[in-house]
Amino acid sequence: MSGLDHVLAVIEANGVELWLRTGQHIMLTGVSTLIAICIGIPLGVFAAKHARAERPLLAGVGILQTVPSLAMLALLLAMLQQIGALPAIIALTLYALLPIVRNTVTGLRGIAPDIREAARGVGMTAAQQLRLVELPLALPVIVAGVRTAAVVGVGIATLSAFIGAGGLGQFINRGLALSNTDLILLGAIPSALLALAVDGAIAAFQWGIESRRRVREPAGIWAARMATVLPALILVIGAIAFWSTTGGGSVRRAAEHGGPGAGGTVRIGAKNFTENLLLAEMIAQLLEARTDLRIERRYGLGGTMIAHNALRDGAIDLYVEYTGTALTAILRAPSMSDPEAVYDHVSEAYAERFDLVWLTPFRINNAYALAVRRAMARERAWTTISDLAREAKSLRAGFTPEFSERPDGYPGLAAVYGLAFGRVYDLEAALMYRALAEGEVDVISAYATDGRIEALQLLLLDDDRHFFPPYFAVPVVRAGLLARHPEIGTVIAPLSNSLDDKIMRALNWAVDGEKRNPRKVATEFLRAKKLLPAVTESTLHGAP
Amino acid sequence: MIVLDHVSKSFDGGSSFALHDVSLTIEQGETFVLLGSSGSGKTTILRLISRLIEPTAGTIAVDGRDLRDYTEIALRRNMGYVFQGIGLFPHMTVADNVAVGLRLVGEPAPQREAKARALLELVELEPDAFVHRFPGELSGGQQQRVAVARALATDPDYLLMDEPFGALDALTRESLQAEVLRLKAKLGKTIVFVTHDIVEAFLLGDRIGVCNEGRLEQVGTRRELLRQPATDFVRALIARPLQQLQAFQELQ
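For the record, the sequence lines run as chains A and B.
For the first sequence, our numbering begins at 2 and goes up steadily by one.
For the second sequence, our numbering begins at 19 and goes up steadily by one.
No lab work stands behind these hints, which were simulated from the structure alone.
Ideal Cβ positions, reconstructed from N, Cα and C, are used throughout, including at glycine.
Take the hints with a grain of salt, since some may be wrong.
[Said to hold, decoys possible] Across the chosen pairs, the derived CB separations fall in these ranges:
id, chain 1, residue 1, chain 2, residue 2, range
1, B, 33, A, 227, 41 to 47 angstroms
2, B, 175, A, 126, 34 to 40 angstroms
3, A, 201, B, 33, 54 to 60 angstroms
4, B, 72, A, 240, 38 to 44 angstroms
[Said to hold, decoys possible] Far from chain A, some chain B residues (derived; all Cβ distances over 12 angstroms):
id, residue
5, 33
6, 102
7, 122
8, 220
[Stated by the list, open to error] Just a sample of chain B residues kept apart from chain A, beta carbon distances all over 12 angstroms, derived:
id, residue
9, 35
10, 98
11, 118
12, 132
13, 165
14, 169
15, 202
16, 252
17, 258
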């Protein structure tokens with residue numbers, strides 16, 4: 002297949018979704034930019050008129066800009082207690098404020114003093130001066146600020162997929178989770194093109210308003226008018242794409258966002274890596290086939306805390322968590338090695354503190370483990386982490402950011418084994434296996450059930466000091482929902498006996514290695530285990 | 019009638035004075051020229067009269083009422099102001115610039131356009147050729163004519179002109195000076211005219227006030243200034259054009 006055919010095939014397979022995601026992306030950026038204009042221009046006017054307010058105001062919006070995007074999203078998630086479009090739009094609005102406020106101040110300050118005096122001298126009130134003279138003269142500078150804000154916004158909006166707001170970042174997110182380059186590009190290229198289109202449209206708008214002062218022939222006036230409509234045109238296209246594919250559904254969902262599981266709906270979340278997504282999808286398909294509940298999939302949540310907060314605050318109703326992760330990262334309890342003790346501890350604490358229920362554990366222990374290249378392990382005679390610790394100073398480690406921070410990750414490991422790696426790189430979970438296999442790093446924080454360990458000839462080192470707690474995968478569900486729909490527990494339960502580490506590795510590899518569609522992988526597995534009948538409703542919408 | 023009574027103005031809280039104890043009466047219908055070099059306080063007097071700034075001490079009355087009894091807006095709409103820097107709004111057409119004062123008082127667009135055309139004719143600019151143009155497309159002299167038309171738009175009783183022709187070449191300046199004389203004869207406005215040009219002051223002023231370092235050295239007709247200069251400063255000032263003329267003749 003030629004390169005072009007391949008591109009066309011990828012687009013064709015994801016055409017409808019691409020249209021939807023582009024629409025969402027435009028809406029996220031457009032709505033937040035419009036809100037930022039409505040807030041930012043008055044703030045800028047205020048700052049320009051009150052010299053004392055200018056510094057604190059600009060410093061304030063400037064600090065907002067320095068908050069890392071993901072941190073901002075996570076903070077808003079915690080404050081608003083919901084995922085989806087709302088926190089994303091607020092975050093994008095806050096980022097858009099600085100260029101708009103700053104340019105409004107600059108534009109107003111740049112007006113020649115004799116023009117200001119003339120405006121007062123002809124008898125304009127303060128409001129008339131602003132409306133008739135100052136804002137029109139500052140407009141080109143203000144529009145330049147809006148242009149910066151909108152273009153930057155298109156880029157940042159790709160991150161809002163991490164908190165379930167959709168947009169083109171959804172492809173990037175999913176592509177990262179499934180190690181699928183096609184999907185990453187399917188998100189990245191359109192968002193880059195969109196940024197260029199937005200930049201061009203607002204540049205045309207600038208040209209349009211400025212040439213109103215120069216051009217007098219009808220054709221020129223017409224062209225200038227058309228140019229000023231372009232940004233609105235992009236918004237309209239976005240709105241059409243959005244509503245034609247969803248009927249405004251996700252906006253309504255975000256707006257309503259009533260009680261947990263209202264009206265027999267179960268919102269299933271998943272963190273953004275293959276195994277978590279596969280398990281969530283299996284649960285979703287089982288519930289769809291065996292109950293009357295309506296299922297909403299909220300996949301690609303950008304990390305443990307985001308998923309946990311979403312569940313606790315009722316933005317989702319269920320997701321699969323791991324016992325060790327809950328113990329150390331969420332409850333911040335000391336590490337334990339007995340699997341049953343860990344499960345008992347977390348389920349009691351969750352019931353008490355969060356009103357959340359841990360269902361029957363799956364027989365999957367996706368523990369953290371240190372992985373090295375098989376060849377290197379043979380050469381250096383490594384079998385345990387203690388073996389590795391002796392040479393740690395000369396080794397390069399690649400850890401996920403989460404592992405680097407979590408008490409059951411590198412900090413605890415370093416303390417228990419007394420090791421310190423020569424260099425530690427932050428790597429995305431989806432990228433670290435290949436980085437290790439290709440010799441970019443010497444050791445990684447692997448997940449025990451990852452299919453790539455075998456496929457890439459990697460070796461898990463023995464945790465000879467029993468540092469890593471067990472990480473059994475368990476569906477966690479909101480207590481209120483489970484009380485109303487106890488069938489959720491009984492329908493999911495049979496999954497528990499159908500899975501083990503080896504099966505999970507194979508399923509993970511089917512997605513990560515063979516690039517198969519996770520929905521299909523889940524469906525096939527459930528059918529093979531006779532948990533789903535041969536043909537079910539889920540086959541009808543199994544293929545995206 | 020404009021009356022300044024012991025007016026002082028300090029811009030720095032009283033350590034120095036831009037205007038020092040000035041008393042002055044400008045009569046109805048006269049053209050009063052404030053003559054002085056830059057920094058002499060002449061523009062400060064003009065800005066005080068239109069309440070663009072407030073006096074530090076003393077009072078100003080217009081038509082028998084204290085300036086502070088007028089709202090700033092009403093006052094300025096009764097005082098057409100032609101600014102030193104011209105101050106046309108660059109984003110408005112000539113017609114919109116001329117009629118901006120009418121827009122502020124809510125006059126509908128068709129009337130505004132008609133009045134703008136009449137005013138352009140008054141300052142001898144062909145309306146059809148100018149209404150849709152922007153200030154940036156005009157020559158300095160044309161801009162200044164537009165500025166005069168704008169100042170006249172609300173039919174004010176007073177016309178305040180701050181070195182309106184300072185930046186123009188000699189020929190344009192002469193034709194505009196003639197224009198002011200013509201308008202004055204036709205409209206009978208009270209004009210307060212600020213200039214540093216002695217010849218212009220003598221040409222236009224019914225009476226002339228000579229400003230120097232924030233003080234009013236002498237007020238009088240041109241005849242009075244020529245015959246009885248009150249101070250050495252006035253004497254030297256008046257002698258200068260004659261000296262220039264002599265120097266010019268010697269060159270010939």
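> Does the claim that residue 202 of chain B lies off the interface hold, with its Cβ farther than 12 angstroms from every Cβ of chain A?
Replying inline: It holds; residue 202 of chain B is separated from chain A by about 20 angstroms at its closest Cβ, greater than 12 angstroms.
> In terms of Cβ atoms, is chain A entirely out of 12 angstroms range of residue 165 of chain B?
Replying inline: 9 angstroms, violated
> In this structure, is the beta-carbon distance linking residue 72 of chain B and residue 240 of chain A contained in 38 to 44 angstroms?
Replying inline: Once the Cβ atoms are compared, 53 angstroms apart, the range 38 to 44 angstroms for residue 240 of chain A and residue 72 of chain B is violated.
>> If we take the beta carbon of residue 102 of chain B, is the closest beta carbon in chain A still more than 12 angstroms away?
In response: 7 angstroms, violated
> Has the hinted range 41 to 47 angstroms been met by the Cβ atoms of residue 33 of chain B and residue 227 of chain A?
Replying inline: 58 angstroms, violated
> Non-interface claim for residue 122 of chain B: all C-beta distances to chain A beyond 12 angstroms?
Replying inline: Contrary to the label, residue 122 of chain B does not stay out of reach of chain A, its closest Cβ about 6 angstroms off (not over 12 angstroms).
> CB of residue 201 of chain A to CB of residue 33 of chain B, is that within 54 to 60 angstroms?
Replying inline: 56 angstroms, holds
>> The output says residue 118 of chain B does not contact chain A. Does that hold with a beta carbon cutoff of 12 angstroms?
In response: Residue 118 of chain B not clear of chain A: closest Cβ-Cβ about 6 angstroms, inside 12 angstroms.
> Going by Cβ atoms, does residue 220 of chain B stay more than 12 angstroms from chain A at every point?
Replying inline: 27 angstroms, holds
> Are all C-beta atoms of chain A more than 12 angstroms from that of residue 258 of chain B?
Replying inline: For residue 258 of chain B, whose nearest Cβ neighbour in chain A is about 29 angstroms away, the distance exceeds 12 angstroms, so it holds.
> Does the Cβ-Cβ separation between residue 175 of chain B and residue 126 of chain A fall within 34 to 40 angstroms?
Replying inline: 21 angstroms, violated
>> For residue 169 of chain B, is the shortest CB-to-CB distance to chain A above 12 angstroms, so the non-interface label stands?
In response: Non-interface label fails for residue 169 of chain B: nearest chain A Cβ at 8 angstroms, not farther than 12 angstroms.
In the structure shown, a violation is registered for the earlier hints numbered 1, 2, 4, 6, 7, 10, 11, 13 and 14, in ascending order.
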